[in-house]
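Protein chains: 2
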Amino acid sequence: MQAEIIAVGTEILLGQIDNTNASYVARNLAALGINVFHQQVVGDNPERLDEAITLAEKRSDLVVVLGGLGPTRDDLTKQVVARHLGRKLVVDEAALAKIANHYKVTGRSLGNNDRLQALYIEGGQSLPNYNGMAVGDFVHQANWTDFLVLPGPPRELIDMVDRTAMPALRAAYHIDQRLKSRVLRYFGIGEAALAQKLDDLITKQTNPTLATYAKSGEVTLRITATASDDKAATKLLDEMENTVQNRIGAYFYGYGDENDLASVVVNQLIDRHLTITAAESLTAGLFQSTIGSVPGVSAVFPGGFVTYAASAKHQLIAVPQDVIDQYGVVSEQTAIWMAQQAKRLLATDIAVSFTGVAGPDELEGHPAGTVWIGLAYRNQPVVAHEYHFADDRQLNRWRSVLNGLDLVRRAIRDEN
Amino acid sequence: MQAEIIAVGTEILLGQIDNTNASYVARNLAALGINVFHQQVVGDNPERLDEAITLAEKRSDLVVVLGGLGPTRDDLTKQVVARHLGRKLVVDEAALAKIANHYKVTGRSLGNNDRLQALYIEGGQSLPNYNGMAVGDFVHQANWTDFLVLPGPPRELIDMVDRTAMPALRAAYHIDQRLKSRVLRYFGIGEAALAQKLDDLITKQTNPTLATYAKSGEVTLRITATASDDKAATKLLDEMENTVQNRIGAYFYGYGDENDLASVVVNQLIDRHLTITAAESLTAGLFQSTIGSVPGVSAVFPGGFVTYAASAKHQLIAVPQDVIDQYGVVSEQTAIWMAQQAKRLLATDIAVSFTGVAGPDELEGHPAGTVWIGLAYRNQPVVAHEYHFADDRQLNRWRSVLNGLDLVRRAIRDEN
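If you read the sequences in order, they're chains V and P. The working numbering applies: residue 2 is where the first sequence begins, and numbers increase by one. The working numbering applies: residue 2 is where the second sequence begins, and numbers increase by one.
Read the hints as simulated data drawn from the structure, not as lab findings. Just so you know, not all the hints are guaranteed correct.
Which copy is meant is left open, so a pair is good if it fits within one copy or across any two.
Stated by the list, open to error - Keeping only pairs whose Cα atoms sit at most 27 Å apart, straight-line, the calculated BS3-like set for lysine-lysine is:
| id | residue 1 | residue 2 |
| --- | --- | --- |
| 1 | K105 | K198 |
| 2 | K216 | K105 |
| 3 | K181 | K232 |
| 4 | K59 | K198 |
| 5 | K216 | K99 |
| 6 | K198 | K99 |
| 7 | K236 | K105 |
| 8 | K232 | K205 |
| 9 | K59 | K236 |
| 10 | K99 | K59 |
| 11 | K216 | K198 |
| 12 | K216 | K89 |
| 13 | K198 | K236 |
| 14 | K181 | K198 |
| 15 | K89 | K99 |
| 16 | K216 | K181 |
| 17 | K99 | K232 |
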């Protein structure tokens, strides 16, 4: 079984965006045991797309075409594939109803272009788009190359690959080998250091396979095992997880693809009925907004303070002016006062405070990246920790938030 | 002039790494006015690489091959290209001396494979690698397709593209034509609607070209003109901008690739010495954190409030309990009180408030996506606007933030 990926989009050809869709699809095909020997990229040009399809179908059993399903004039993928196959486009009525409803809710009128997003190739299988409007398409043909058509926006593509496209391939190709993955999440260790500690395992990997992935300051490790049944695959995963955790378990904080540090911490707070607040200077609300992104957080988070200026630290949460004057805002003492006062004012179990220098400029003689994070945890003495980040303004702020979450996680763990 | 990019590497084919090299090279070729109509990816397989080259040289004037120059058994790119062209590989003595010295310094012995990295194609131009060992190669041929061979590790590739590869192309192709781009930014109109309004221009585009791009609720339009000199290119851009703005100028808010709505608004506040605060419920600090991401914001932003729970709205900013009881938290009245009180407490010129239903669940009988945004602007009457978003929790929160920024932008504009 050989597949080929064709990404469609002038913005990819011109390098305005990276072709992450092709990587995502390639990984998923590899996981099904389907080989990918070629990828192509063409612009929003029907002739060149047709040439690419003609070339691909000669050498591949499955052609996966990515992008060009949207409502604009550039979006021609389904039309080109249908014409190439000599088939018509037909309406997915459920998808059309969803599009019409979306327009109704948002008070706009439905154009002809918008309707195009509900079309799929006659005789194919329309794949619903849970994160957007344009449906995908799987055309399984007896004795000829198959076609899988997927939307371009990554949120839409990833969801469709996971929910319907890969299951459709599994069913069509009778792939019954069990493939199981487990994602382990780490914080406080970089991807390179993590990979080095697992170097021998990664080098000789066959089954299970190991893949590290770094994103926004966290590192994940995906272990994937193939076996004849579920139980055997689970056993392979368990054994590899043990080996891995013996080496890097100290940095482990949770399982799962979507289960980021904020979700893990907020869910622990909800489980334990621990309420939390924050007083934020350099992060300016990013910590609270991040815990606010987790559904259900309202049970443990009443609100909090953004004390960006020194005056707000005094005015909103009554950090004594002489503490600020004596130690400066970028100091252990200010961080401790901020956490203590926030906890007291909102009568929560926990308060986290952030004060420091996001950059690009220095502050009070401290270089960009100097951050104090305070933690007031139940009846324990209030503490503050110093960090030195060496990234840009946004990443310094984000690393502060992650380390604040990690302090809360460790406090909960150490108490239990 | 037409170029084609071939990336070589099984790790790209399998999706283990993103093909960022291709984007980088594509952007640089575009900047020289060299069209890229095709990209290919093949694995570390000499036959398939040769096939890809054969296809590419038929339809392109320049073939850029990325990766496969290293010292391992997989690295065969230069050998395949040389054989394809019927040329020998010869030693770049300076590169070989550098490699030998590196091995001497690190106390290892030089292997035969390591020597391979100093080879280039006879008659070509060896391109030094300042961030690694393997040299690149530019083969400029009279009356036949040219070849540019670049290393795979991004640090090495980027440096070589900037320092020697693009200058070599400029010289070989006598590129002195000026290519100028201008990015126009829009908010409050979707990509589809915007493209529809420019449909005829997009259809017949030649010079300047038009490209729309949607990201995180904003839409950008890139106009790119080619001309013999800077002034002529600017004139083409000006003319097209006028035509475009006559149709969609109402949604325009700024210029530039990086200049997002938050940057535009914060910089207007700084310019006009207008201070701002916020009281946030469903956005939980995301508005403040977003304006906090802009360097220099400390001049106009003292801090603010996250009033997630109803109790915090009363406790932190003294929204009267009977307002909350009578109208609910998701109401015009609560939004107005929140903005008014936040402005008063921090004595700012402007306050924005957010209260609503992020989702996934409904609240007080209002469906997810119902949001009230309040605006207290200088001495004007405090107002609140109702929105209905139809996205997921995170996107509903983000759209709220963008609309809050836009309200501020419009208030500033209408005052002046």
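Requested in this report: Evaluate K105 and K198 at a C-alpha cut-off of 27 Å and name the case that applies: within, between, both or neither.
Outcome: The answer is between: 21 Å across copies meets 27 Å, while 55 Å in one copy does not.
**Report entry** Copy assignment of K99 with K232, given that the CA separation must stay at most 27 Å
**Finding:** neither (40 Å within a copy, 49 Å between copies)
Report task. With 27 Å as the alpha-carbon cut-off, assign the pair K232 and K205 to within, between, both or neither. Result -> within (23 Å within a copy, 59 Å between copies)
Query raised in the report: Is it within, between, both, or neither for K216 and K99, if the alpha carbons may be no more than 27 Å apart?
Result: between (33 Å within a copy, 22 Å between copies)
Query raised in the report: How do K216 and K198 come out at 27 Å by Cα distance, when the copy is not named: within, between, both, or neither?
Result: within (19 Å within a copy, 37 Å between copies)
Query raised in the report: Checking K236 and K105: alpha-carbon separation at most 27 Å within a copy, between copies, both or neither?
Result: For K236 and K105, neither the intra-copy (51 Å) nor the inter-copy (42 Å) Cα distance is at most 27 Å.
Query raised in the report: Within a copy, between copies, both or neither: where do K216 and K89 come within 27 Å Cα-Cα?
Result: Neither, since 42 Å and 32 Å both go past 27 Å.
Query raised in the report: Taking 27 Å as the upper bound on the Cα-Cα distance, should K198 and K99 be classified as within, between, both, or neither?
Result: between (49 Å within a copy, 24 Å between copies)
**Report entry** Copy assignment of K59 with K236, given that the CA separation must stay at most 27 Å
**Finding:** For K59 and K236, neither the intra-copy (37 Å) nor the inter-copy (47 Å) Cα distance is at most 27 Å.
Query raised in the report: Under a CA distance limit of 27 Å, which applies to K198 and K236: within one copy, between copies, both, or neither?
Result: Within one copy only: 23 Å inside a chain, 58 Å across chains, cut-off 27 Å.
Query raised in the report: 27 Å Cα cut-off: does K181 pair with K198 within a copy, between copies, both or neither?
Result: Result: close within a single copy only, 23 Å intra versus 48 Å inter.
Query raised in the report: Between K216 and K105, at a C-alpha cutoff of 27 Å, which is it: within one copy, between copies, both, or neither?
Result: between (37 Å within a copy, 23 Å between copies)
Of the numbered hints stated above, those contradicted by the structure are hints 4, 7, 9, 10, 12, 17, listed in ascending order.
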